[in-house]
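K.L.:
Please work from the sequences and hints to get the whole structure.
4 protein chains.
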Amino acid sequence: MAPESRSAPAVTEARHRDEWGVEFSRIVAFSDGVFAIAITLLVLAIEIPENSADLTRVLEHQRGDFFAYALSFGVLGKLWLSHHRFFSALGRFDPILMGLNLVYLAFVALVPFTSEMLGDYSEQSIAVIFYAGNMFGVSLTFALQIAYSYRANLVKPEMRDVERRVSAPSNFIVAGIFLASIPVAVFAPTAALLMWLLIFLTGRRVSDRLAALRA
Amino acid sequence: MAPESRSAPAVTEARHRDEWGVEFSRIVAFSDGVFAIAITLLVLAIEIPENSADLTRVLEHQRGDFFAYALSFGVLGKLWLSHHRFFSALGRFDPILMGLNLVYLAFVALVPFTSEMLGDYSEQSIAVIFYAGNMFGVSLTFALQIAYSYRANLVKPEMRDVERRVSAPSNFIVAGIFLASIPVAVFAPTAALLMWLLIFLTGRRVSDRLAALRA
Amino acid sequence: MAPESRSAPAVTEARHRDEWGVEFSRIVAFSDGVFAIAITLLVLAIEIPENSADLTRVLEHQRGDFFAYALSFGVLGKLWLSHHRFFSALGRFDPILMGLNLVYLAFVALVPFTSEMLGDYSEQSIAVIFYAGNMFGVSLTFALQIAYSYRANLVKPEMRDVERRVSAPSNFIVAGIFLASIPVAVFAPTAALLMWLLIFLTGRRVSDRLAALRA
Amino acid sequence: MAPESRSAPAVTEARHRDEWGVEFSRIVAFSDGVFAIAITLLVLAIEIPENSADLTRVLEHQRGDFFAYALSFGVLGKLWLSHHRFFSALGRFDPILMGLNLVYLAFVALVPFTSEMLGDYSEQSIAVIFYAGNMFGVSLTFALQIAYSYRANLVKPEMRDVERRVSAPSNFIVAGIFLASIPVAVFAPTAALLMWLLIFLTGRRVSDRLAALRA
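In the order they appear, the protein sequences are chains A, B, C and D. Our numbering puts the last residue of the first sequence at 215; the count rises by one with no breaks. Our numbering puts the last residue of the second sequence at 430; the count rises by one with no breaks. Our numbering puts the last residue of the third sequence at 645; the count rises by one with no breaks. Our numbering puts the last residue of the fourth sequence at 860; the count rises by one with no breaks.
Read the hints as simulated data drawn from the structure, not as lab findings. Zero decoy hints are in this set.
Facing chain D, from chain C, some residues (calculated, C-beta under 7 Å):
no.: 1; residue: Val464
no.: 2; residue: Ile467
no.: 3; residue: Ala468
no.: 4; residue: Leu532
no.: 5; residue: Phe543
no.: 6; residue: Met547
no.: 7; residue: Tyr551
no.: 8; residue: Gln554
no.: 9; residue: Ile556
The model shown is predicted, which means the values in this text are computed figures rather than measured ones. All residues carry an ideal CB built from backbone N, CA and C; glycine is no exception.
P.N.:
Printed below as a string of structure tokens:
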């Protein structure tokens, strides 16, 4: 990977490889590690009390936990794919992008917490608001990474057109929908949940249509 | 790895490397990470109460936990080996395979939960049913990945014959046995446990015999 | 990575590749793994009681946990970047450096514990002292690794001047400030907290000034 | 790594790369992952009760936990180094070695549990016995891996003499000392603890002396 990224785009400056000395592939591997651990920690949110006489009833009570597990596994999985796709389009990186990525990962690593809360308290607005807020933080810092990378010329030249059309705007839209779901959750937590599922289902179609519009 | 997989099989289409931009080796590394974390989280299921006067009695009570730990470590270890073997036979991948793999990993990452439940409640049918259901989900999504990969021409040509004879049918058989153990568990949880051990012990022999029959 | 480090600097001795047989890149990957896991485990410190009637009040009570999460994520993120930068400047390693690195990682992996304690008990001096002590341990063992590597000639020749000016002294300063914050915490825990934030904010500027002074 | 191990020793058979299809480097990475996770999970054993009025007294009570953390971090760190050194001497692998390695990893991943128990109950014989038993399991399965690899001709020819003199016998000795500490722990748990520290301190010297004797 190292030789490929070294000889990569002829675009100059940024990167500061000597000043920073952290290899690109390591940052990606570190981000992957945080994703893999966060996605596997989700399971710890499904708690089983010891010495319960009627396990079946306990499990019925945990239906929310299973829903939150499936939702968050899907969300983190999708986020990981997007993150990967975006980083593979990068030719260089700089300190600001690394800082943004770290804040982004801090939101990603928070998902096991907000997901557990959503599983246990989906009927209380505050739990839904926190989950939406977490996802808003994730999508916003991701959209900022993309927008910044284009402005700072960090994207591989041959990737510029493909990525620009799709990634940045659709991510700002997702961030916006999560933001919009926060006031909804204050009055109707379940309606906010449905808004997210819609993002999940239509995500691909919206970004395709956006790409078509711009092309 | 990248150059190897790029120049790999002459088979065309699928893959969509430009559209997806996620490198094959990263998907494998991510899957490995989820396996390694899930297998190491199994230990958290063996709980020790603080300030117990008689630790020996506590530990006797946890015999089920040790059995579940050993069983699930063995099962996840075997699954990891199979997953690896299968992915090393792949020449390409596509979005559908990646989606199937993510659902598969969601079942794998669930094992620490169902394993903890099995350790604490092996005498209650519902715990055995959930474990069997989890394993059914794992084996089914794995079998589907294999079947789909053959249909979509994602397997390296030189691997086609070797793998086809063995992998897919034996995985459908394992999925079937786990499915069959669910009704058994309703009436006799222990009998279902024994059915799984049989899979474990005879697994290799059955697939060898199947391969011989087909050859 | 292997070929690069093998043919790397013409400096002799140390390394003992035959005697130790552990590849350099593996030590880095292992350290990265510990960092990624520790940073992701931080989230487990934010606990949510099940079956609480008023989740909003519970979350207000956990404000300290969120502060500790953000602080420790930032600290571990910065530490990881520094560790990486330093290791990429190394041409060789020896048993003593590996031992120091293991002690360093033991302090890194302790952060989820001291961070959880800080989140729950930031008004009690002992929690702040433990956190400061943990960070002192991390910065001291890191500074020792750097100092030792220069003495034992383990740094790549072309990196010697760049790194020497910046890394070692600024790390000893950080270790010193954490040490100084311990007596402060005895009387005023909050003042100690502010001292750390100052390190965080001024860290870069101080090391730049130091580098300028020496140049 | 792949090309190196492919063209590696001219020794034939075993390996069964086609039949098994799991790459050597992946097995090493998986083992590394389990080690990194297990060593980082150790910290979860140091529990902090919420809402305690006097945290200082709580922490004094947890002295055993800190001792267990330091001991187990050191032990797992040493084990990881040995495991790595041994695997880097391997030219090939086969199903039996992989099975042994999986059992070995099951004992490694169990350490966070026995370590937590040791921290909480070091005055009760059973906790010390379990820890010794766990370590006996680890050292025995490691010694078996080494012994088997020599018998099955899996070690690189150029490494045979270096490794044989040192690794296998000293590992059987360590396994033996842990086994011997079990009856000691029945009557005097603290004496068993001291026996382990002796292994740790003298380990290197003993294996050097053994190597000298044989040479």
